[in-house]
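Here are the chains, one letter per residue:
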Amino acid sequence: MNYLALYRQMLEIRRTEEHLAKAHQAGMIPGACHTYVGQEAIATGVCAHLTHDDAVFSTHRGHGHALAKGVPPREVMAELFGRVTGCSRGRGGSMHLFAPEVGMMGTSGIVGPCILQATGAGYSARLLNKGTVGVAFFGDGASNNGAFHEGLNLAAIWDLPVIFVCENNLYATEVPFSYATRNTDMAERASTYGMNAVSVDGNDVLAVYAAAGEGIRRARAGEGPTFLDCKTYRTRAHAEGMPSLGTYRTQEELDAWKARDPITTYRAHLVSEGIASEDEFAQIEREVVAMVEESFEFAKSSPYPDPATVAEHVYSDG
Amino acid sequence: MRELTFTAAAREALTEEMARDPSIFVVGEGIGQRGGNFNTTSGLYDLYGPMRLRDTPIVERGFIGMCTGAAMTGTRPIVDFMFVDFILDAMGELINQVAKIQYMSSGRLKMPLILRGSIGITGASATHHSGSYFPMFVNIPGFRVVVPTNAYDAKGLFKTALRGDDPVIFLEHKSLLNSKAQVPEEEYFIPFGQAAVVREGSAATVVAVGSMVRKALEACDALAAEGIAIEVIDPRTLAPLDIPTILASVHKTGRLLIMDETFQPCGIGAEIAAQVVAQGFDDLDAPIMRLNGVYTPTPYSPPLEAAVIPNPTQVLQAIRDLLAE
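Going down the list, the protein sequences come from chains A and B.
According to this note's numbering, the first sequence is numbered sequentially starting from 1.
According to this note's numbering, the second sequence is numbered sequentially starting from 1.
These are computed hints drawn from the structure, not numbers from a lab.
For clarity, every value in this text was computed on a predicted model and none was experimentally measured.
Worth double-checking, as some hints may not be accurate.
[What the hints assert, rightly or not] Label-pair restraints from in silico Cβ distances:
| no. | chain 1 | residue 1 | chain 2 | residue 2 | range |
| --- | --- | --- | --- | --- | --- |
| 1 | B | Ile-95 | A | Asp-159 | 27 to 37 Å |
| 2 | B | Phe-189 | A | Ala-5 | 42 to 52 Å |
| 3 | B | Asn-37 | A | Asn-129 | 22 to 32 Å |
| 4 | A | Asp-53 | B | Ala-278 | 26 to 36 Å |
| 5 | B | Gln-314 | A | Asn-129 | 54 to 64 Å |
| 6 | A | Glu-312 | B | Pro-297 | 34 to 44 Å |
| 7 | B | Pro-297 | A | Ala-32 | 37 to 47 Å |
| 8 | A | Pro-30 | B | Ile-95 | 20 to 30 Å |
Every residue, glycine too, gets a C-beta built ideally from N, C-alpha and C.
One chain only, chain B, in its complex shape:
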């Protein structure tokens, strides 16, 4: 089977859906002829033209508010925001309008608006180009929050986002954009709310989010050499969150560690832990543990940047600590 990068797979989903549905259009800074800062739209301008690949001024609140109105009136806008940090200017539009309009209109309006772009700490991007922020979006009723971790999932989840009627925050970790995976030629969809068990094991369960999936798998390779089999779960979507798959794994392993680059307080790990305690308390043989990035703005200097995200030694140690409980 052919291999595609994460970005190429997501772009393939986009171009397939744009060919199929003339109501889809993309807005963003440099997403027209330039093809996007991360090549998210390269080649599409020549196919679909300026109305559907719409370069914007630097006005995140403005174009997100505009796309909100467009989504209410028969089109399917995609905001290609480049860095998630940039759409913090539009939080009022997102939380007060985008997330609430289906509810406020008692379901008579739909909100097929996709916001997609990069997240994550890597490459000395410093504090205004390194955010992830997905726990904030998960906290708000109305959003779908998608965090794909490989090319196959990126395409299947993006296709699902493009066919749905809910607002989707589609977050692409910068460290994964050039990673390759096998992607079939045939059309496929990955439903929201369906976690992937990316590695099977019995000694403990690791739920890893975004960039932590790859790090968790590397640590598990090292432990496998010692005869320890760890189960790794990638939730893929954080809203909806597939708790049953996590509960089933904890039922088998009795131990749970949640790894997430974003901040620990009120984070996705806290939510997963609370739900597992409430529904799977009797299965637990050890306290639930979490491994997160350091609770600080993201610094620039490489040694400082490296110090805020969990490194391979810390990941391995966190799993060993859990096993020792």
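Looking at chain A on its own, in the form it has when it is part of the complex:
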């Protein structure tokens, strides 16, 4: 159990996202930017169990998943800046991050397909006896989409090695989950499809790590899919440039969740348990900040893609 690796990963996501938010405000990101701030414990706790052969599929709020799966921050930043050095070579942006070489099989601007695609990765794993898993990250908003119900059912009836990670941050853009869903017990909804379903504090990286570990162990052992209902909160706006409170949430609610910040609470826990010292955290902070700043400079100074290549890769022959 590498406690500090989990901390470092969460901090890398946080500092990268903060840089991206500032860059967006400065007009350096031509398109959208949906940050993962507040939800870092989930991608970190799940991806810590995965290898590059395991396939992750994600949604529009996917920077954290890409980073936790092993995409270098410089490639995520460069992608949002529209540069050829980005992980999608400038073809994707914030919502379309692809890095199959590390098993980041794509984020999507459409809510739901990742659930089905992860199920398909599970099918490949079984057919080819690969011992790998497919993982879908998605929000509570996806749980009212047909893809949620179709994907869970298929994974369940065929006992596929798939981990469905629902990041229930209470709002689908700005529509409350409690408004959109009569039964707000996400794990219960998932369990009706006949699969292992667990609720977990999504702001507690150790809790996510433990629950994901058990689910992934089951999947690799041929014991079928697992659903993780991770309760969390995004502390920034749905997308940069939008209000963080808007008409849909209160300052009190935001403050209460910020007090449960996954990084500061984990750090306090490691200190109080005597697992790590403030010196170690300071060292990690320096290293992560330096790496993120180097990534930012790399992204900023990278060239744009050549317009002559715009129609390349529509088909497999180029």
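The hints should help you fit chain B onto chain A, whose structure is shown.
What follows is chain B alone, placed relative to chain A:
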């Protein structure tokens, strides 16, 4: 040489490739032990088992999305969708995901996903079992769209689809499934983007798609008795579309008629006509003409159904009208 039906020839391609490549699997409703609504997989379940002949619930979006993820992770899924109308539930998966993922991943992911099944108006199938819709797929960058019209082409084109890395929409007109043609025992492939000149002639060019090929040939037999030789071209694949073969024919004949059972607006005929005008204007001795099915949902009652698809009299008249221009 032996004769096979369209369906048997396509099935032979499938079983040959499944024997060769263990990453190929088929999903669909009733394609396991039942062998498929159109016998597309009959006998294969006993050879390859349930993981590779996977019966599904009725969940087109779900299993197409699932196959999308499978194709990204090392397997080669075939969706046996029965009727193309059924996969309209999955258009978001098809257009937003299947067609775009190779591009979005800058070519680092492949999408070897085949969607195959029936199209076409016949047998009082009514409006939810009669669609073709291929112009919609042709409009989207990323798809290969294949419309074979005989058993020989069905096998050769299916083999090519099964060896490629692109998503292929493989459309089999219901009226052709039991039609027979000579199919060699030896392995062969028909490349995409290569039209077939199925009848040579000099008076006019008819490009016929899907079920219209047979109707065009019948009309040409009648005209041949009058000494009129019409050239008939079957594009075989609509994406990619073999424009050079059509241009070469129009260069010879100076006249072009495009026949297609599907709707005329923004259809394959409009695309062919625009490209021929742009690249072969000086060869044209007459306006390019089109003959299509009626722009309406498909009705059930046999006299109504017969009224929406071009009949032999209309086909013959369309060619005569072109010759009279």
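Hint check:
In this structure the hint that Ile-95 of chain B and Asp-159 of chain A lie 27 to 37 Å apart at CB holds, the actual value being about 31 Å. Separated by about 51 Å at the C-beta atoms, Phe-189 of chain B and Ala-5 of chain A satisfy the suggested range of 42 to 52 Å. At roughly 31 Å, the beta-carbon separation of Asn-37 of chain B and Asn-129 of chain A lies within the given 22 to 32 Å, and the hint holds. For the hinted restraint 26 to 36 Å between Asp-53 of chain A and Ala-278 of chain B, the CB-CB distance of approximately 49 Å leaves it violated.
In this structure, Gln-314 of chain B and Asn-129 of chain A meet the distance hint of 54 to 64 Å, their C-beta atoms being roughly 56 Å apart. One distance hint, 34 to 44 Å for the beta-carbon pair Glu-312 of chain A and Pro-297 of chain B, holds here, with the actual separation near 39 Å. In this structure the hint that Pro-297 of chain B and Ala-32 of chain A lie 37 to 47 Å apart at CB holds, the actual value being about 38 Å. Pro-30 of chain A and Ile-95 of chain B have their C-beta atoms about 24 Å apart, which keeps the hinted 20 to 30 Å range intact.
Checked against the numbered hints above, the structure violates only hint 4.
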